[in-house]
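**Q** One letter stands for each residue in the lines below.
There are 2 protein chains.
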Amino acid sequence: MSSAAEAPGPARVEVLAVVGVGLIGGSFAAALRAAGKVGRVLGVGRHAHTLRQARRLGLIDEAVDLRQAAASADLIMLATPVGAMGRILSELKPHLRAETLLTDVGSTKADVARTACAVLGEGAAQFVPGHPIAGAERTGPEAADAALYRGRNVVLTPLAENSLDARLRLTGLWESCGARVLTMEPEAHDVVLASVSHVPHFLASVYMEQVAAARDSDVRMSLAGTGFRDFTRIAAGSAEMWRDIFLANRSAVLSELAEIRQALAQAEQALEREDGQSLYDWLERAALARRLWGSRSGLS
Amino acid sequence: MSSAAEAPGPARVEVLAVVGVGLIGGSFAAALRAAGKVGRVLGVGRHAHTLRQARRLGLIDEAVDLRQAAASADLIMLATPVGAMGRILSELKPHLRAETLLTDVGSTKADVARTACAVLGEGAAQFVPGHPIAGAERTGPEAADAALYRGRNVVLTPLAENSLDARLRLTGLWESCGARVLTMEPEAHDVVLASVSHVPHFLASVYMEQVAAARDSDVRMSLAGTGFRDFTRIAAGSAEMWRDIFLANRSAVLSELAEIRQALAQAEQALEREDGQSLYDWLERAALARRLWGSRSGLS
Numbered sequence: 001m002s003s004a005a006e007a008p009g010p011a012r013v014e015v016l017a018v019v020g021v022g023l024i025g026g027s028f029a030a031a032l033r034a035a036g037k038v039g040r041v042l043g044v045g046r047h048a049h050t051l052r053q054a055r056r057l058g059l060i061d062e063a064v065d066l067r068q069a070a071a072s073a074d075l076i077m078l079a080t081p082v083g084a085m086g087r088i089l090s091e092l093k094p095h096l097r098a099e100t101l102l103t104d105v106g107s108t109k110a111d112v113a114r115t116a117c118a119v120l121g122e123g124a125a126q127f128v129p130g131h132p133i134a135g136a137e138r139t140g141p142e143a144a145d146a147a148l149y150r151g152r153n154v155v156l157t158p159l160a161e162n163s164l165d166a167r168l169r170l171t172g173l174w175e176s177c178g179a180r181v182l183t184m185e186p187e188a189h190d191v192v193l194a195s196v197s198h199v200p201h202f203l204a205s206v207y208m209e210q211v212a213a214a215r216d217s218d219v220r221m222s223l224a225g226t227g228f229r230d231f232t233r234i235a236a237g238s239a240e241m242w243r244d245i246f247l248a249n250r251s252a253v254l255s256e257l258a259e260i261r262q263a264l265a266q267a268e269q270a271l272e273r274e275d276g277q278s279l280y281d282w283l284e285r286a287a288l289a290r291r292l293w294g295s296r297s298g299l300s
Numbered sequence: 001m002s003s004a005a006e007a008p009g010p011a012r013v014e015v016l017a018v019v020g021v022g023l024i025g026g027s028f029a030a031a032l033r034a035a036g037k038v039g040r041v042l043g044v045g046r047h048a049h050t051l052r053q054a055r056r057l058g059l060i061d062e063a064v065d066l067r068q069a070a071a072s073a074d075l076i077m078l079a080t081p082v083g084a085m086g087r088i089l090s091e092l093k094p095h096l097r098a099e100t101l102l103t104d105v106g107s108t109k110a111d112v113a114r115t116a117c118a119v120l121g122e123g124a125a126q127f128v129p130g131h132p133i134a135g136a137e138r139t140g141p142e143a144a145d146a147a148l149y150r151g152r153n154v155v156l157t158p159l160a161e162n163s164l165d166a167r168l169r170l171t172g173l174w175e176s177c178g179a180r181v182l183t184m185e186p187e188a189h190d191v192v193l194a195s196v197s198h199v200p201h202f203l204a205s206v207y208m209e210q211v212a213a214a215r216d217s218d219v220r221m222s223l224a225g226t227g228f229r230d231f232t233r234i235a236a237g238s239a240e241m242w243r244d245i246f247l248a249n250r251s252a253v254l255s256e257l258a259e260i261r262q263a264l265a266q267a268e269q270a271l272e273r274e275d276g277q278s279l280y281d282w283l284e285r286a287a288l289a290r291r292l293w294g295s296r297s298g299l300s
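So the sequence lines, in the order shown, correspond to chains A and B. Following our numbering, the numbering of the first sequence begins with 1 at its first residue and continues without gaps. Following our numbering, the numbering of the second sequence begins with 1 at its first residue and continues without gaps.
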């Protein structure tokens with residue numbers, strides 16, 4: 001009897017299939033393996049070399065196609081850009097076993113819920129949507145890390161069709177990875193994430209492209225320091241992934257951007273009229289809020 | 001004969017006075033000391049406890065007032081918020097010796113040049129304005145670090161009145177701290193810094209305050225991750241310092257913000273009309289530019 005089989009907590013997943021073995025999917029597999037909560041790991045992906053790398057790194061045991069994954073996995077983790085979800089679920093559906101649990105890690109949840117219900121029909125009961133709030137700057141299987149989810153939040157946005165058992169099973173597995181699991185309505189999740197994740201990415205990318213497009217961008221970039229580095233770091237992320245996120249969460253992102261635009265206009269007006277007191281008050285509110293968040297979040 | 005006295009490069013500064021012994025001023029003193037380029041370090045500041053701390057940390061040898069600093073220092077480094085420069089120069093002026101070299105580390109340079117000429121008159125020949133491009137998130141003497149300037153850019157914006165000797169002397173001292181020294185016109189410096197430093201701070205603070213002011217800010221901040229952390233890090237900076245920077249560099253900052261506002265509107269319109277190709281192209285340009293900068297800058 002192996003020690004893995006004796007590990008406390010949720011039952012071990014005999015066969016896990018990860019669709020998209022990059023940072024997020026690969027780290028989930030690695031974390032479950034480290035916790036002794038998984039038997040065999042199958043990897044599905046678009047690029048053969050990525051799968052070979054994932055196998056070499058020990059993240060997966062075997063590369064398979066969606067059909068094989070559907071036929072043999074007890075848990076299927078979809079870790080692909082959200083725009084690909086519909087196509088993948090359609091391909092999985094005909095081969096899916098009734099006892100298989102599905103989940104995802106997409107950064108938007110209302111569209112994933114809609115897609116799952118539309119494509120899977122009654123089978124949506126097997127699909128518990130989720131979103132781990134964890135680093136996305138690095139990409140690819142070589143960035144995978146069994147410790148990525150330790151102390152991090154994972155939001156589940158269960159469908160009405162999900163059984164309590166399915167929800168608890170997934171919660172337990174994420175907790176085995178060291179994560180803290182929260183449950184939210186998909187729409188509420190999307191509004192919050194528009195604010196704290198999607199809008200920062202939007203602004204950082206707008207800003208980065210404006211600097212890069214400037215006639216004197218070379219001298220600008222040569223004098224950019226650590227503030228620039230931090231402010232623009234997220235703009236280096238995958239264009240494909242972020243395009244999908246913005247489109248999937250379009251209305252919440254646009255609505256947050258409208259708020260930002262208004263706040264920006266007010267701050268600009270204070271600067272235009274050289275209103276030092278208003279500028280100071282605004283900067284001080286921002287600084288205090290950021291310092292408080294830094295001390296509470298454990299991230300800074 | 002001490003090894004410090006034998007160190008190659010610029011002549012050692014017998015008495016250095018640092019006005020404002022925080023991260024930037026304290027690191028300059030520490031770096032010169034580590035390079036064997038300074039004898040005695042005097043510290044001037046508004047807060048007795050900061051000066052006591054600077055002394056305990058070995059950054060300064062003695063706390064003095066501006067008058068004493070002017071009377072005995074060979075080099076006076078002004079490391080205070082740019083808004084305080086006029087007052088400090090006025091207080092120094094009556095006691096300044098003709099052979100004393102002055103410099104500053106302010107983030108804006110056209111206003112510093114104007115202030116120095118207006119206050120010092122002919123004495124402005126002794127003042128060589130400068131700006132080290134180095135981290136400003138941490139503050140206070142305990143953040144000072146002799147290695148802060150190693151490999152970093154320092155921009156000097158000499159006045160027409162400065163002697164070549166004064167410029168070379170200051171260049172040599174910054175090089176002793178490990179920095180690379182560039183020379184620019186003050187106005188050109190301010191336009192570039194508006195773009196790569198002041199505007200990011202403005203945007204990060206507008207954004208941070210908008211999130212903090214939201215009705216549901218608690219849940220927002222509890223789901224904020226590493227992207228949020230990086231994007232907002234600069235917003236924690238000193239409100240006083242940044243108010244002064246924005247006011248001092250008002251027209252360049254407003255002009256850059258107008259450009260950003262236009263780029264933002266275009267990106268928003270692409271999202272509104274669900275134009276995935278435009279969104280992708282824009283995000284990809286931003287991502288490639290950021291990755292290129294990261295690999296070239298040595299900062300990321």
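The set of hints was computed from the structure by calculation and includes no laboratory data. Be a bit skeptical, because a hint or two may be false.
Output of the computed footprint for chain B on chain A, the stretches with three or more beta carbons under 8 Å from beta carbons of chain B [stated by the list, open to error]:
id, stretch
1, 33-41
2, 230-237
3, 246-259
4, 271-279
5, 284-294
Computed from a prediction, not measured in an experiment: that's the story for all the values here. Beta carbons: idealized from backbone N, C-alpha and C, even for Gly.
**Q** Please count how many residues of the stretch 230-237 of chain A have a CB within 8 Å of a CB from chain B and say whether that reaches 3.
**A** holds (count 8)
**Q** Just to make sure I understand the rule, a stretch counts as covered if three or more of its residues have a C-beta closer than 8 Å to a C-beta of the chain. Does the stretch 246-259 of chain A meet that for chain B?
**A** Answer holds; 7 residues pass the 8 Å Cβ test.
**Q** Given as covered by chain B, does the stretch 284-294 of chain A meet the bar of three residues or more with CB within less than 8 Å?
**A** Coverage by chain B holds for the stretch 284-294 of chain A (9 residues, Cβ < 8 Å).
**Q** Count the residues of the stretch 271-279 of chain A whose Cβ falls closer than 8 Å to any Cβ of chain B, and tell me whether that reaches three.
**A** Three-residue rule met by the stretch 271-279 of chain A, so holds; n is 5.
**Q** How does the stretch 33-41 of chain A fare against chain B when you require at least three residues with a CB closer than 8 Å, holds or violated?
**A** n = 0 at 8 Å, threshold three: violated.
In summary, the one numbered hint that this structure violates is 1.
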